[in-house]
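> One-letter residues, chain by chain:
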Amino acid sequence: GDSVTQMEGPVTLSEEAFLTINCTYTATGYPSLFWYVQYPGEGLQLLLKATKADDKGSNKGFEATYRKETTSFHLEKGSVQVSDSAVYFCALSDLSPSNTGKLIFGQGTTLQVKP
Amino acid sequence: GAGVSQSPSNKVTEKGKDVELRCDPISGHTALYWYRQSLGQGLEFLIYFQGNSAPDKSGLPSDRFSAERTGGSVSTLTIQRTQQEDSAVYLCASCLGGLSRSPLHFGNGTRLTVT
Numbered sequence: 001g002d003s004v005t006q007m008e009g010p011v012t013l014s015e016e017a018f019l020t021i022n023c024t025y026t027a028t029g030y031p032s033l034f035w036y037v038q039y040p041g042e043g044l045q046l047l048l049k050a051t052k053a054d055d056k057g058s059n060k061g062f063e064a065t066y067r068k069e070t071t072s073f074h075l076e077k078g079s080v081q082v083s084d085s086a087v088y089f090c091a092l093s094d095l096s097p098s099n100t101g102k103l104i105f106g107q108g109t110t111l112q113v114k115p
Numbered sequence: 001g002a003g004v005s006q007s008p009s010n011k012v013t014e015k016g017k018d019v020e021l022r023c024d025p026i027s028g029h030t031a032l033y034w035y036r037q038s039l040g041q042g043l044e045f046l047i048y049f050q051g052n053s054a055p056d057k058s059g060l061p062s063d064r065f066s067a068e069r070t071g072g073s074v075s076t077l078t079i080q081r082t083q084q085e086d087s088a089v090y091l092c093a094s095c096l097g098g099l100s101r102s103p104l105h106f107g108n109g110t111r112l113t114v115t
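First to last, the protein sequences are chains X and B. This note's numbering applies: residue 1 is where the first sequence begins, and numbers increase by one. This note's numbering applies: residue 1 is where the second sequence begins, and numbers increase by one.
Chain B on its own, in the form it takes in the complex (with noise of 0.2 Å):
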């Protein structure tokens, strides 16, 4: 009965240097999200990953930011050459199907801080 679980909790890194942030949605959850949490601001959406149809990358907020799933299960978030306005809150969420049938679940996040 394990959540949503994302890795690492916190990770501190320097200005320029790549990161990669890990998600493993519940067993069976077709659909993935990735959310951006800035200090005072909502969630922004990033990446939608449903089933085997192309993700919807429309919020990725530029090119140094991408994002795979592989075999339909654990997710990577990258980014390149990190900046210090990436530093955020980066939430993950599963759901099953779609939103009209359940709930997201969200992760507890990974918090990033670039130096």
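Excised from the complex, chain X in its bound form (with noise of 0.2 Å):
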């Protein structure tokens, strides 16, 4: 079946480092791509979004481009702050008419920005 898989976390950075966090798919279909963060002591929020293939999702200076044929969707900041210490979800949902329309999660990725 559909399945995420994201780079395994902790990720400690410094602030205004460079921000890589690695997302890769296997999905039967057409999926959308999700990047959903979880504050500390908050609910799930979308981060972006790409639907179909070469799409970048951008919000907040974080950035991904859907990449089909690498089947990814990596996470990217220039340049990172304390306020983005975070868990990160990579998600896809595959949107054709068959589909019910859930999202299938990757595991998260805890990113830890130190000052």
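The set of hints was computed from the structure by calculation and includes no laboratory data. Predicted model, so just to flag it, every value in this text is computed and none were measured. Heads up, a few of these hints could be off.
What the hints assert, rightly or not - Heads up, simulated DMTMM-like pairs for lysine to aspartate or glutamate below, C-alpha to C-alpha not over 20 Å straight-line:
1) K57(B) to E16(X)
2) K57(B) to E42(X)
3) K57(B) to E68(B)
4) K77(X) to D2(X)
5) K60(X) to E15(X)
6) K52(X) to E76(X)
7) K114(X) to D2(X)
8) K11(B) to E42(X)
9) K68(X) to D2(X)
Fit chain to chain and form the complex, with the hints in mind.
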């Protein structure tokens, strides 16, 4: 079945460092891809999404490009801040009519940014 | 402007007891999801309700788990004869119509501890 694999954490960076969190997927059909973020003490919230190959999702300085040839959706940010410390989840959903639309999540990657 | 509300926020129960977890989705959201988040694990899909369609129960781990959604709004997840491996954070999420049009809005979860 469909699945998502993320790089294992925790990832620890200094403020202003470059961030990459790897995400790869396996899917039948035509998945849309998402990054969700869970800040300490808060619920998960959508960070960005891409619905077709070569689309780039972006939000709050984060970016991810839907790469069909490598089945990847890596999350990047050029300069992280302490406030970016959170758990990041990559997810996919097959939005074709035959699918019920559920999201399949990766295991999450914890990011800790130190001042 | 309330978000997804879950209750209780914490539940401690003895092995073998039944528990009920409640989710109040955002008003007007037709889709409702239950996920489970175990320590060190990703989000595990449990069940999905969409409008009046039959729910997608494919993620329920055993027949001890069941869920219903009354009147297209409030949902209850019931776990019968709880086991220690049921200990996890149970997350509810809702969205307007479908993932192609709106993001999932998550509640803060119910932390279930089975002793």
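> Now tell me if each hint is right for this structure.
Verification of the supplied hints:
1. At most 20 Å may separate the alpha-carbon atoms for a hinted pair to count; K57(B) and E16(X) exceed this at roughly 44 Å.
2. At most 20 Å may separate the alpha-carbon atoms for a hinted pair to count; K57(B) and E42(X) exceed this at roughly 27 Å.
3. As the CA atoms of K57(B) and E68(B) are separated by approximately 11 Å, the hinted pair is consistent with the 20 Å bound.
4. Between the alpha carbons of K77(X) and D2(X) the distance comes to roughly 27 Å, so the proposed pair goes past 20 Å and is violated.
5. With a C-alpha separation of about 15 Å, the suggested pair K60(X) and E15(X) falls inside the 20 Å cut-off, and the hint holds.
6. The hinted pair formed by K52(X) and E76(X) meets the criterion: a straight-line CA distance of about 18 Å does not exceed 20 Å.
7. The straight-line distance between the Cα atoms of K114(X) and D2(X) is roughly 35 Å, outside the 20 Å bound, and the hint therefore fails.
8. Using a Cα cut-off of 20 Å, the hinted pair K11(B) and E42(X) holds, with the two alpha carbons roughly 18 Å apart.
9. At roughly 15 Å between alpha-carbon atoms, K68(X) and D2(X) fall within 20 Å of each other, so this suggested pair holds.
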